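Participant: Chain residues, written in single-letter form:
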Amino acid sequence: MKNKPVNQMRLEIESKSINEGFARYAVSAFAAQLDPTIEELADLRCAVSEAVTNAIIHGYRGTSGTVYITAKYYEDRTVKIKVADKGVGIEDIKQAMQPLFTTDPSGERGGMGFAVMQSFTDKLAVRSKPGKGTTVTMTKKFAPRD
Amino acid sequence: MLTADIKIEYDAQSQTLTLIITGEIDHHSVGRLREQADRELAVRRPKELVIDVSGVTFMDSSGLGFILGRYGKAEPLGATTTVKGASPLIHRILRLSGADTFVKVLK
Ligand SMILES: Nc1ncnc2c1ncn2[C@@H]1O[C@H](COP(=O)(O)OP(=O)(O)OP(=O)(O)O)[C@@H](O)[C@H]1O
Ligand SMILES: [Mg+2]
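One line per chain: the protein sequences are A and B, in this order. Residue numbers for the first sequence follow the working numbering, beginning at 1 and rising by one. Residue numbers for the second sequence follow the working numbering, beginning at 1 and rising by one.
Worth flagging that the hints you see were computed from the coordinates, not collected in a lab. Accuracy of the hints is not assured; some may be wrong.
Selected chain B positions facing chain A (in silico; Cβ < 10 Å) [to be verified]:
id	residue
1	Phe58
2	Leu64
3	Ile67
4	Leu96
It should be emphasised that the depicted structure is a prediction, and the values quoted were computed from it without experimental measurement. Cβ coordinates follow ideal geometry from the N, Cα and C atoms, glycine included.
Could you build all of it, start to finish, from the sequences and the hints given here?
Facilitator: Following this line, the structure appears as C-alpha cells:
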C-alpha cells in the first residue's frame, strides 16, 4: 500500500438503522471502481455493514449521532475504510473483539460482528476511548485483474 | 430493495413451519422478520422449523442473530431448525459462529 490514495470519499450519516443499507452500498459502489470480483465486493459490503451497525446500536445506543465513514483506495488495489462514531466507546477492546462476545442483553445478537469484519477483510484495527467513541479501520486488497 | 420480506408456510401433516425470507437481512430489516416469525412459532408450535434463505441477497451478523434467536425459540418446543438455500456467504457466517453445529444447513 502506497502512502497516497488514488481516490477517496467521505460520508457522514445519521445514526438511523435505515442508513445501514445506504452506507454499505455507497462504500461498495466506490470500491467497485477497482473492478473487484462480486465476491470481494460482497465481503466488503458485509464488513462495512457490521461496523456501521455497531456504531448505531452500540456506539450511539439508538440515540442520534453521526457516523463518519471514509474510504480510500491505492495503486495496489488496497481499499481502506474507516467507520467512526463519537458514542460511548469500548472499555475492553480485546474482549469486545472475541468471537461470541456481546454486551447485548436481548439474546438476539451473536457477538460475531468483529469476527465477520476480521474474516471478510485482510486487516481490522479498532481504536476506542470510553466516553469518546470508536474508530474501526478495515483494509482489503483486491486480487489483480487484467 | 434494501429491505427484507417474510412469507410463512405451514405443513400440518409434518408440523413444519417454513419461513421464506427474501431481500436483505440487516439490523434495520430484522425487527419485522422477528415479530412475524415469533408470532407463527408461538401459534403453530412446530416440530420442524425451516428458514429458507435462498432469496436472501444480503445478510450480516444481524441475520445470524435472527437464525440463532429463532433456533432458541424452536429448540424448547422440541423442534429442529434447518437453514435452507444458504449462499456461500451465509454459509461462511454460520460456520464462523459455530451455528452450523446446532442448526442444519442445506445449500
Ligand atoms: N462502535 C461501538 N461502540 C461501542 N461499543 C461497541 C462498538 N462496536 C462494538 N462494540 C462492543 O463490542 C461488542 C462486540 O461487537 P460485535 O459486533 O462483535 O458483536 P455484537 O454487535 O454484540 O453482535 P452481532 O454483531 O453479532 O450482532 C458489542 O456487543 C459492543 O459491546
Ligand atoms: Mg455487531
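Participant: If a hint holds in the structure, say so; if it does not, say that too.
Facilitator: Hint by hint, here is what the structure shows:
A hinted interface residue such as B/Phe58 counts as satisfied when its beta carbon comes closer than 10 Å to some beta carbon of chain A; here the least separation is about 7 Å, so the hint holds. At a threshold of 10 Å, the smallest CB-CB gap from B/Leu64 to chain A is about 5 Å, leaving the interface hint in force. Interface hint status for B/Ile67: upheld, as the beta-carbon distance to the closest one in chain A is roughly 9 Å, under 10 Å. Because the beta carbon of B/Leu96 sits about 6 Å from the nearest beta carbon in chain A, less than 10 Å, this interface hint is met.
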